[in-house]
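Q: Listed below are the residues making up each chain.
Protein chains: 2
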Amino acid sequence: MIIKGNILNVFTDEIYPAEVKINKGIIESVKEVNGEFDSLIVPGFIDSHIHIESSMLTPSRFAELALKQGTTSVVADPHEIANVMGVEGIEYMINDSHKSPLNYFFTVPSCVPSTKFETSGATIDSKIIDDFLSQDEFVALGEVMNYEDVINKNPEIMAKIDIAKKYNKPIDGHAPLLSGSRLEQYIKTGISTDHECSTPQEVMEKKRAGMKIMIREGSFSSDIDHFMYNNGDIIVNDDISAYDLLNRGHMNHCLRKAVDLGLDPFKAIRMVTLNPAQHYNLNRGSISVGKAADLVFIDNLTNFNVNKVIINGNVIYKKEKLLYKANPSPIRNTIFANQKVPEDFNVCTKDPKSKCAIVNVINYKKDPLITQKTTAKLNVNNGVVIPSVYNDILKISNIERYNGNTISNGFIKGFGIKNGAIASTVSHDSHNIIVVGTNNDYMTQAVNFLIKNKGGLVAISNQGHAELTLPIAGLMSDKSPYNIIKSSEYLNKFIKNMGCNLESPFMVLSFAALLVIPELKMSNQGLFDVNQNKFIDVIEKEI
Amino acid sequence: MIIKGNILNVFTDEIYPAEVKINKGIIESVKEVNGEFDSLIVPGFIDSHIHIESSMLTPSRFAELALKQGTTSVVADPHEIANVMGVEGIEYMINDSHKSPLNYFFTVPSCVPSTKFETSGATIDSKIIDDFLSQDEFVALGEVMNYEDVINKNPEIMAKIDIAKKYNKPIDGHAPLLSGSRLEQYIKTGISTDHECSTPQEVMEKKRAGMKIMIREGSFSSDIDHFMYNNGDIIVNDDISAYDLLNRGHMNHCLRKAVDLGLDPFKAIRMVTLNPAQHYNLNRGSISVGKAADLVFIDNLTNFNVNKVIINGNVIYKKEKLLYKANPSPIRNTIFANQKVPEDFNVCTKDPKSKCAIVNVINYKKDPLITQKTTAKLNVNNGVVIPSVYNDILKISNIERYNGNTISNGFIKGFGIKNGAIASTVSHDSHNIIVVGTNNDYMTQAVNFLIKNKGGLVAISNQGHAELTLPIAGLMSDKSPYNIIKSSEYLNKFIKNMGCNLESPFMVLSFAALLVIPELKMSNQGLFDVNQNKFIDVIEKEI
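Line by line, the protein sequences give chains V and A. Going by our numbering, the first sequence opens with residue -13, and the numbers climb by one from there. Going by our numbering, the second sequence opens with residue -13, and the numbers climb by one from there.
If we strip away everything but chain V, and leave its shape as in the complex, we get (with noise of 0.2 Å):
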C-alpha cells in the first residue's frame, strides 16, 4: 500500500509532501517527494488514560465512535468492570476490543478494590498482576489511588508494584492534591504520571518531581482550558460519554481546543501520539519507518476534522463511512441484590421521640468528582429523618449488589430533584446500587427497577419512568451507540423535569460513593469521610 500527502512529522516540527509506503501494516518507507497534496496526514491519535466502562459501551462498540474521530489507540485501564468482575471481566474487555481494529492496550489495574470501606465484587491482587503484565498487551500497573496505602508501605501495594517494575513497565499514578513530602513519598516508588492536577501549581510540583503530567480532557473533569496546558507532556480524556464522543469528538476535540487555546499544534499532536506511545512504549505514535501504519487524514491544524483512518495499514474509515461493525457478546448477570420495601431506606434516629435531626450532607457544588461535608437540621417523624425537597436535602442510598444485601442511608445535596428518585449500576468505584430520591417510595421502586433489569439507569417520577439498561457488568450496553446516546438524552431531559438542573446528573450521583476523592462519600457499608479515612454518623444530634 503506498499513500501519498503531506505528512506531518513529530520528530522535526515539519509538514512536507511525501510518499508512504506500507507492507503488512508497518511503515515500510517514507519519501519526501514533490507535489501539492490536499491531505493532511498525522499519526493516530493515541488516547493513553481512558476508562471504556464509562461510556457504558463495550470496547468494539466504543471503536464504532471513536475510530472516526480519529483514535486509532487507547490505552484502557479496565477498572470498573475489574471491581464488579475482577479477572472475567478484565478478560471479557480484552475479548471484546480484539473485535475492532482500534488497537487496545491495558493497564492492570492496581486497586481493586479500591477501597476497604465499600464491598465490590473481586479482588485483583499482586498474583493476577504479575499475570497480566507479563502479556504484551499490558503496558502498565493501572493508576495507584490509594496512595495512603503507597505513603504507609502497604506490602500488597508495594509488591504490585515491584511487579510492574520487574516487567519494566510504568507505573501510573493518582494523586489528587497530594503535596510535599507526601507526595514525595508517592513518587519514590516509581509512579510517574498523574491525571489529577486541579490547580497550576500542583501541576508544577509535580512537574518539578518528574512525573508526567496528563492533561485530563474528558466529559467529566474539563482540564485543558482551566490551566496547565503549557506544561502538560501527554493529553487523556480518563472518561468521556458515548454522547461527548459522538458530538465533541474524542482526542481531535482535545488538540482543537488545546490549539485554540494557543498551544502549538506541533506539540499539541506529540502529546497524543509520539509522547504516550514513548511512555508506554507502543510501537507507533509517529509516520516513520518501522512504526505501525495509523494514519490519520485531517482537513488542517484547526479544526483537525477527520476525514480518513488507517490503522495498522488497513483503511478502516472514508469519506464518512465506517468500514467495522461492532458485535459484543453478551455476559453473566452481575446483580444480585434482593428487592427492597420503602422501609429499607429509613434513616432512624436513637430516640424515637426526637422532633429534628443535625444531619451530615454531602454536599455537591461544581466538581462532579468533589464532594463538601456540610450539615442540615431536618424533621425526624415517628423516628426516621425527613428529607427536605424544599432545600434540596434528597435521600441517598447504596444498596451493595455482591449478595450481601447491605444498604446505607443518608443525605445529599445539590441535585434538585423535586419529586422523584434517580438510580444507577454505575457508582465509582464498587458499582454497587446508588440512588437519590426525594422519598422511600420512588427509591424503592428505581432500586428494584435496576435489579430486575440486571443494571443500568433509571428516573422514576410521578410522571412514569426513563431507563437505559447496562446488562455488562452493570456498567455498559450491547447495543449501538446510538441507542445508547438517544436514551441518555431522554433520560437527562426526564430527570431535567423532574427538577433537577445538574448537567450530568447520573455522573454525580455516580461519584457519590467514590471514597478515594474528598470529602464525603457514601459507601454500602455507611457514610465515609474521606478526609478522617473513616465512617461517620449520618445524624450528628438528635434534638
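Errors might be hidden in some of the hints.
Just so you know, same-sequence chains aren't split out, so a pair can sit in one copy or run between any two.
What the hints assert, rightly or not - Okay, derived cross-link-like pairs now, DSSO-like style, lysine-lysine, Cα gap no bigger than 30 Å in a straight line:
#1 K253 x K243
#2 K174 x K294
#3 K102 x K152
#4 K151 x K17
#5 K304 x K139
#6 K10 x K151
#7 K174 x K253
#8 K174 x K17
#9 K243 x K399
#10 K10 x K155
#11 K151 x K113
#12 K472 x K243
#13 K85 x K174
#14 K479 x K54
I should point out that these hints are in silico values taken from the structure, not numbers from a laboratory.
Based on these hints, arrange chain A on the given structure of chain V.
A: Chain A only, in chain V's frame:
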C-alpha cells in the same frame, strides 16, 4: 545528608534555591527554600556512548580524570577489548569499573568481530549477548556497525537485535552516510540511535526517521561546532584521550562549547543528563525524588567549572581534591606474534624485473576516520616496491597478533614521516599490530619492540625511540593517567621531530585498519576497499 544550593530542574528549565535530602544514595526529597546560595547544582553528567579503551586508561583509571569533570555515569561500549579478548575482556572492564565510584553501565558489543575481513581475537555470539543483556548493568545492545549485514538480514545480527528487544533494551546504531531505503531498512529493525552523522542533511534524514541523534564531541571527532547542535538529542564522546579528558574536560567541555555556540543551556544540560538517562533507562539524570543522588556543583552555565561532585550520595570530589584512588588489576598477555624480519614487510611485484608499479594508496586527509583511495607510481627495486618518502608515500603493514602470524603490506599517504616508523597495538577494530614507516628496518624494530613489550605504542627513528606500554590487552595501561599523558606527549613530540605534522598520529594510525569506515583500509589479510566491500591488490599495474 542534606545539601542546599541553587538547583537546576531539567523538567521545568528552572533554577531555584532548594534543600536536597539524600538517603542511602537516593534523593529522598527536594524542597524549594528561601535563601541565597552561591553554588549551582546540576544533575551529574552522563556520557552515554564511550569506548573507555580509547583513553588508554582502564575504567577505574578513567574515573580518576572523568570524576573531576563532573561525569558521574558513563555507558561504556567495551567493543575494543571484546575484539581482543571477548568475554574475558568485557569482564575485566566490569570488574575494574567496580573499583571506582563512577557509575559504569555497559552496552554489549554487537559486532565482534566487526568484520570477517580482518583476524580478531574473539567472537561475541548471540548466546553471549543474551547472557550479558540479561544483567542489569548492560543497558543496551552496542552500536550495530555492520549495517550491510542488517540490511541483508544476516541471521546472526538479527538474532542479536531480537535479544535486545526481548529484554526491552535499546539498540544503538552506527551508520555513517547511510541514507534512503538502505537507512530505512536499518532503522526498521529497531536500531534507535546514531552518532555518526557528518552533515546537517544526514542529521535531518535520521531525525525525521525517528532516530535519536547523538552529537559526538570527542577527541577523534568534534561535531558540535560543525553543525547540528540544534537537532541533537544526546551529546556523547565516543572516544576521548586521557590528555583531553584532563586538559579540556569531558561532558563539561561539551556543555561549555555547545552553550558558547548558542545552544540553550537547559537544553544542553538535558542532552547529557535527562535525555541519556531516559533513553537507557538509568534511574538518574535529574535532581528529583527517587533518583540516584548524582550531583555536580558548577560555577555557572557558561564555564561549567566543576567544584564538587557527589555520586550516589557520596562526596567524591571537593575543593580540587579527588577522594578516590584507582588500583587496577593486571591481565594476561595478548600479543602472540612472532618476531619479524625486514623482508616480512616487502611489497613484491609479480615480475621481478618491473621498474615501476602503480599502487593503490590509503590517502589520509583530514578526518581521522575516513580515508580516500588514491594511486601512486612507485619505483621497484629487485621486485620490491619502494616507498617514496619525498612524496609522502610510506609503507603501512598490519601484523596479526592472534597467533596466526599473517601480515599484509601496502602504502599510505599523509603521515609525513621523513625517517623512522611508528607502530601500535591499538588498531580498530581487531587491534592487530599496525605500523607505518619509511623503510622495513624501522618497521621491523618498531613491531618487534611492541611484541616484546606485550603491547603499546612506539616510535623509532635515527634519534632513538619513544614508547608507551599498554599491557592491558595492548589497549590500556594500568598506570596513572598522568604518566600516560606524559608519555603520550613525549611520543607525539618525538614523532613531530620525525617530520610528521599530524595532530594525533596514533589516532590516524589506529583507524587505518577500521574496515567499517570508508574508503581504503589495511587489514592483516590484505588491502580492503570498504565501498566495494572486498580486498583489492596493492599493485594495480606493473611497468
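Q: Looking back at the numbered hints, which does the structure fail to meet, lowest number first?
A: 5 and 9
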